[in-house]
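*Asks:* Below are the chains, spelled out letter by letter.
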Amino acid sequence: MPDFAEPLARLINELKHLPGVGQKSAQRLAFHLMRASREDAERLSQAILDVKDKLGLCPVCNNISEGDLCQFCRDTTRDAKVLCVVEEPHNIIGIETTRQFNGLYHVLHGALSPLRGIGPEQLKIKNLIERIGAGQIEEVILATNPTAEGEATAVYLSKLIKPLGLRVTRIAMGIPVGSDLEFADEVTIWKAMEGRREM
Amino acid sequence: MPARVSEAIVLQTYPFKESDLVVSFLTRDQGKLRGVAKRARRPKSNFGSGLERLSQVKMSYFQRETRELVNLDGCELIRSQFALLGDYGAAVALDYLAEISEQLLPAGEANERYFRLLVTVLDYLGSGAAGCVWRGVTYFSLWAVRLAGILPELHACMGCGNWLDNPEEREEAFFSPYRAGLYCGHCRRNGEMGRTWGLSVTSRDIAEEMLRKPIAQLAHTDWRRETAADLRHFLVRQIENHIERRLITAPALEAA
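If you read the protein sequences in the order shown, they are chains U and R.
Counting from 8, one number per residue, gives the positions in the first sequence under the working numbering.
Counting from 49, one number per residue, gives the positions in the second sequence under the working numbering.
No wet-lab data here; the hints were simulated from the structure.
Since the structure is predicted, the reported quantities are computational estimates derived from the model, not experimental observations.
Built from N, CA and C at the ideal position, the CB exists for glycine as well.
Any given hint could turn out to be false.
[Claimed, not checked] Lysine-lysine pairs mimicking BS3-like chemistry, simulated, CA-CA at most 30 Å apart:
#1 Lys-31(U) / Lys-88(U)
#2 Lys-59(U) / Lys-65(R)
#3 Lys-88(U) / Lys-131(U)
#4 Lys-106(R) / Lys-23(U)
#5 Lys-198(U) / Lys-166(U)
#6 Lys-65(R) / Lys-31(U)
#7 Lys-23(U) / Lys-261(R)
#8 Lys-65(R) / Lys-86(R)
#9 Lys-86(R) / Lys-198(U)
#10 Lys-166(U) / Lys-59(U)
[Claimed, not checked] Here are some chain U residues pointing at chain R (derived, C-beta under 10 Å):
#11 Gln-78
#12 Cys-80
#13 Thr-84
#14 Ala-87
#15 His-116
#16 Gly-126
#17 Glu-156
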């Protein structure tokens, strides 16, 4: 690695810790920041500090929140009888963009993956069960990812929740809109057939 | 090297960059390899569900001699394990098989027998027979240890050399995390072995049968979590001693 001035080398080193950023990308970003105005740099550093200082986890749903409750838990117009369980906070964005779901969310912060050392204790399952036990929820939608880990998590949760007498549903899996059946693999088609609907 | 197509089993994937995956996979002809699957996390990727853990696929890839990671072009699914995920115990068992394969196998060394073992055990798990998870996992652990060349003598004491399976007086054997192999009760009492665990006569008989017969031809007995649990513990210890680290899926499997 060439010898950069110490502050620049330190910035490159810090940027390299970001996901997907290697040595070259870190250098490019560092040089961009060096050439940027002081105001731009201050805005960026303040934005990073604000994320660390002002954001926390919603105590009800574990979504990222500014203040006590997150925007969805605060919103009294949402249907509190339907709960959508997702793996990560950013999964909520994907569902919200559809504008088709008006219930509440619960974020697990991961999926069961013994191979990565993630068991039920590492996920936010305990407060999900407490939340369901409070009695207002009638349906739980398991919207974990359609991967092996996501499916195992959904199965595990359904076995915990079903005995409580709630309706437990799983989001559909299958052919992406705009693609072709010819190129779909057997598992995708099998899941699509399994999740077919009456017309 | 030119583009290749190999029959393979996907062992593990790691997120890489925005939508790529680093994939560890065991091929029948080239051994364990790692490669980058570009855009594999996008819904319309070339890989579909083929990169899910322990999927059996025909993997197309390009290998350069100067690079450790191969470039994955696509894969054709032969057999998926997705149907097994309805049973949480089976899902954890799949993680267990993947972790042991990932840890025990050296990179780039073909091991056809190990590949066949994995395919056979996955077929057996897919059969859904009662107790198949525990029987399959035990069979796999025993043969994985044997194929890795680290299965100790199961019939003789490593301390005094006495025959543990003397027909007149068959006795429980013992193993320790600090010493290789099995020991008789006498050596256990007299030697400084620290903490020890027992390996019952019944479990040694099960191991003996598993080493002689294919999994589908094993005597039909009612297998539960407790069946041969001591044998699984013994085998996990052998693996952990060999790889010099703990298996993270082993406790999860026993708790599933």
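*Asks:* Any hints this thing doesn't respect? Which numbers, in order?
*Replies:* Of the numbered hints given earlier, those the structure breaks are 1, 4, 7, 10, 11, 12, 13, 14, 15, listed in rising order.
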